[in-house]
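Q: Full structure from sequences and hints, please.
The listed protein sequences correspond, in order, to chains A and B. First residue of the first sequence: 1, per the numbering used here; consecutive thereafter. First residue of the second sequence: 268, per the numbering used here; consecutive thereafter.
Wrong hints could be hidden among the right ones.
[Said to hold, decoys possible] In the SDA-like style, the derived pairs of lysine to any residue whose C-alpha atoms are separated by at most 25 Å in a straight line are: (1) A:K227 / B:R302; (2) A:K227 / B:I313; (3) B:K283 / A:L182; (4) A:K227 / B:A312; (5) B:K491 / A:L39; (6) B:K491 / A:R48; (7) B:K283 / A:N88; (8) B:K283 / A:W172; (9) B:K283 / A:Q89; (10) A:K227 / B:F309; (11) B:K491 / A:W172; (12) A:K227 / B:M311; (13) A:K227 / B:K283; (14) A:K227 / A:I122; (15) A:K227 / B:R315.
[Said to hold, decoys possible] Footprint (simulated), chain A over chain B, 3 or more residues, beta carbon under 8 Å: (16) 316-327; (17) 444-457.
Hints are computed from structural coordinates only; laboratory data are not their basis. Because the structure is a prediction, the values reported are computed rather than measured. The beta carbon of each residue, even a glycine, is placed where N, CA and C say it ideally should be.
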Amino acid sequence: MKTLRKYGFVFSLYWQEGLAQRASFVMERFRALVVMTSLYYLWSALLRNQTSFAGYSRPQILTYVFGMSLLRSIVFASRTDEIAMEINQGRLSGYLLKPVYYFVYTFSRDLAEKSTNFISSIIEISGLYLIFHVVLAWPRSWQTWVLFILAVTLAMFMNYLLNFMVGCWGFWTSESSGPRFLLALIMEFTAGAFFPLDILPLHIQHILQWFPSPYLVFFPLNILLEKADMHQIINGFTAQIIWIIGLSLMARLVWVRGSANYGAEGA
Amino acid sequence: MKYFRIWWQLALMSLKTQMSNPIASGGYLLGKLFRLVFFIVFLMAIFRHTSQLAGYSLEEAALFFLTFNAIDILAQLFFRGIYGIRSIVRDGDFDYFLIQPTHLIWRVCFNTVDFLDVGTLIPVAGAIVYLFKRIPGLCTLHSAFLYSVFLMNGLLIAFAMHLAVAALAVWTQEMDNTIWIYRDLITLGRFPPSIYDRPLRLAMTYFIPIAVMVSFPAQAALGKLSWHALGVAILMSGLSLIASLSFWTFATQRYTSVSS
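A: So, in structure tokens, the structure goes:
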């Protein structure tokens with residue numbers, strides 16, 4: 001209980017910090033709004049003279065556009081870029097001396113970032129929903145909501161593990177920002193955070209399903225849209241759990257090796 | 268000639284800085300190239316399910332996307348210094364620029380030259396040439412001329428917008444993120460403007476002239492612009508330039524040194 005309160009306090013601190021840096025926060029949300037608006041218009045234009053596109057009805061594709069904006073704010077919003085910085089500047093030493101688990105500390109910090117973005121994203125989506133009078137494809141059963149929330153939670157944790165591991169590159173190089181930029185782009189595009197992955201040719205879809213990214217956005221949204229059958233849902237959850245176990249082991253290994261290599265430069 | 272020599276020196280210094288961080292620079296360059304490839308794949312995936320997007324074929328839609336990239340990359344290549352304007356002002360370098368025997372705008376714009384953009388500009392230019400050959404009726408001197416004229420006009424508007432951002436930073440010593448608002452807004456020009464509804468199209472033409480900047484070159488080359496649009500383009504770039512130059516003068520006249 002005491003431990004929970006400690007990390008709850010970290011969450012609260014970073015929540016306040018996120019809101020204190022209003023310009024950066026507003027900028028980030030503005031960017032998300034522009035992406036969502038342009039994609040809304042793009043898909044609306046594609047469905048102007050037809051009732052469906054690549055198996056998606058107009059309400060389904062617009063639900064996908066709004067849903068992916070929401071998931072970007074939960075799954076991709078992260079402060080793990082600070083991990084590499086803290087290692088390179090020697091600030092990690094401070095955390096190592098404190099009675100905190102760095103992994104849980106950074107996860108609490110990430111949750112704070114995700115929650116502020118999530119609330120903002122809900123407001124933006126509601127605004128656009130009212131302005132454009134969008135008809136959405138709401139799930140027909142409550143079980144869909146439960147499965148969707150579960151898939152999003154696992155996706156969020158999967159992406160956190162991946163980002164934590166990438167942040168740990170800071171143990172070996174002070175130039176990890178470039179590779180992180182590259183990886184973030186690849187992850188976003190192959191996660192379905194810009195378009196549904198099933199509009200791609202089948203052979204590309206088959207290759208992508210062996211990577212973690214489709215289970216971050218595309219899979220949860222497929223559940224929400226009730227497009228995935230029971231077989232696909234079981235496969236998707238199995239893949240998410242296997243990836244979480246695999247990434248946890250890798251993250252642990254990278255952390256152990258990296259911290260053994262840590263020299264506290266700049267501290 | 269003197270200005271070219273200064274630019275060359277600043278560019279070499281920037282290149283050396285980037286070369287001293289090969290992993291980071293390589294990651295950014297690859298990221299930019301991947302982003303380009305992914306969007307082309309996205310467009311191709313869309314056109315697997317339809318034959319046209321708001322009246323445009325795959326090649327024509329790709330021309331809009333690549334033109335957006337060309338303007339964006341050229342603006343970053345030539346006006347990259349503006350991205351660091353706040354730190355230039357905050358660290359006192361702006362005072363130092365003021366006493367140098369070079370034009371202040373030139374010095375600020377070229378303070379940094381991002382050579383990674385050359386790496387992305389080459390494939391974009393190659394793809395644009397390829398599309399000119401591939402799209403029927405586009406491989407003419409007339410189309411190429413119109414495209415070039417509107418591209419230059421777009422660059423002038425991009426310059427005006429960058430200058431306005433720089434002026435705002437000099438005036439307020441804040442607004443770190445303003446340039447990113449511009450970067451985000453111009454992404455609306457990635458797709459043909461006809462996908463947007465009329466009020467947004469009008470705003471993109473007359474209020475913040477994103478469409479004039481990134482969509483008009485492709486529209487002109489494809490023969491989808493009237494002579495009236497040429498007038499609008501010249502008017503908008505002229506007005507943008509006059510407004511941002513006036514704002515720059517206003518801001519620099521009120522600059523009283525910050526840190527030195």
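Q: None of the hints should be skipped; say for each whether it holds.
A: Going down the list of hints, with the structure as the test:
1. Taken as a hint, the A:K227 and B:R302 pair is broken in the structure, with Cα atoms around 28 Å apart against an allowance of 25 Å.
2. As the CA atoms of A:K227 and B:I313 are separated by approximately 19 Å, the hinted pair is consistent with the 25 Å bound.
3. For the proposed pair B:K283 and A:L182, the alpha carbon gap of about 22 Å is at most 25 Å, so the pair holds.
4. Among the hinted pairs, A:K227 with B:A312 is consistent with the structure: their alpha-carbon atoms are about 20 Å apart, no more than 25 Å.
5. Note on B:K491 and A:L39: the hinted pairing holds, with a Cα-Cα distance of about 23 Å set against a maximum of 25 Å.
6. Between B:K491 and A:R48 the alpha-carbon distance is near 21 Å, which keeps this suggested pair within the 25 Å criterion.
7. Proximity of B:K283 to A:N88 is assessed by CA-CA distance (about 22 Å); at most 25 Å being required, the pair is judged to hold.
8. Using a Cα cut-off of 25 Å, the hinted pair B:K283 and A:W172 holds, with the two alpha carbons roughly 22 Å apart.
9. Among the hinted pairs, B:K283 with A:Q89 is consistent with the structure: their alpha-carbon atoms are about 23 Å apart, no more than 25 Å.
10. For the hint pairing A:K227 with B:F309, the CA-to-CA distance comes to about 21 Å; that is within 25 Å, so the pair holds.
11. For the given pair, B:K491 sits about 54 Å from A:W172 by alpha-carbon distance, which is inconsistent with the 25 Å threshold.
12. About 23 Å separates the Cα atoms of A:K227 and B:M311, which keeps this hinted pair within 25 Å; it holds.
13. With a CA separation close to 52 Å, the supplied pair A:K227 and B:K283 exceeds the 25 Å bound.
14. The suggested pairing of A:K227 with A:I122 holds, with an alpha-carbon distance near 23 Å, which does not exceed 25 Å.
15. At most 25 Å may separate the alpha-carbon atoms for a hinted pair to count; A:K227 and B:R315 meet this at roughly 20 Å.
16. With 4 residues having a Cβ less than 8 Å from any Cβ of chain A, the segment 316-327 of chain B passes the three-residue criterion, so the hint holds.
17. Only residues whose C-beta sits within less than 8 Å of a C-beta in chain A count toward coverage, and the segment 444-457 of chain B has 8 of them, enough to reach three; the restraint holds.
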